[in-house]
Amino acid sequence: QQQVRQSPQSLTVWEGGTTVLTCSYEDSTFNYFPWYQQFPGEGPALLISILSVSDKKEDGRFTTFFNKREKKLSLHIIDSQPGDSATYFCAASRNYNQGKLIFGQGTKLSIKP
Amino acid sequence: GPKVLQIPSHQIIDMGQMVTLNCDPVSNHLYFYWYKQILGQQMEFLVNFYNGKVMEKSKLFKDQFSVERPDGSYFTLKIQPTALEDSAVYFCASSPSGDEQYFGPGTRLTVL
Chain A
54 QQQVRQSPQS LTVWEGGTTV LTCSYEDSTF NYFPWYQQFP GEGPALLISI LSVSDKKEDG
114 RFTTFFNKRE KKLSLHIIDS QPGDSATYFC AASRNYNQGK LIFGQGTKLS IKP
Chain B
22 GPKVLQIPSH QIIDMGQMVT LNCDPVSNHL YFYWYKQILG QQMEFLVNFY NGKVMEKSKL
82 FKDQFSVERP DGSYFTLKIQ PTALEDSAVY FCASSPSGDE QYFGPGTRLT VL
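Protein chains in written order, with our numbering: chain A, 54 to 166; chain B, 22 to 133.
Just so you know, not all the hints are guaranteed correct.
Said to hold, decoys possible - A partial selection of chain A residues facing chain B, derived with a Cβ cut-off under 10 Å:
hint	residue
1	95
2	99
3	148
4	155
By construction, these hints were calculated from the structure, which means they are not laboratory data.
Ideal Cβ placement from N, Cα and C applies to all residues, glycine included.
Input sequences plus hints: build the corresponding full structure.
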């Protein structure tokens, strides 16, 4: 059973547009949600993260929103750039300290100039 | 950001042989993790390690798997003996205090 579901599987956005990636989860005990960006041949790089006590966190062009009631989160990228083309993973953890991460299947994002 | 290194980047071995995957974590990090990713699937947690001990392991962490970090050197994942289904990319991660995890570039293991 997929504990963290991510959509869409792939996405193409025009340069300058806004990218929206979404995740949903099953377990209400999850309390930490990081987003990772992965380029081909590299490991995932931590992009932004949010705790379940918050509903929004912003870092430059990247904003993550969290909806506890609906068990959903999203990543918004404004002014999307070709350099943002990568695979994005959402993840969840039941224990902010020490806990294992449970990953979604990833969204392959392509930004077209 | 902080860099985690993994050696080798690619390893090919025959089924039944032993393999050791090496991770050089960020120097002041205290928590260490291994994840497994089969091609086209999501990354899955194997094990985490703190203060010389396994804290938690998943059902993917079979009896043939072991981890250690002798004397603050590499954090290693050993598989003995290997099986065909062990073919995957293995990612190491480290964390300063158990919160944010920083990943290495992965080791692609091919078991023939």
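Hints broken by the structure, by number, lowest first?
none
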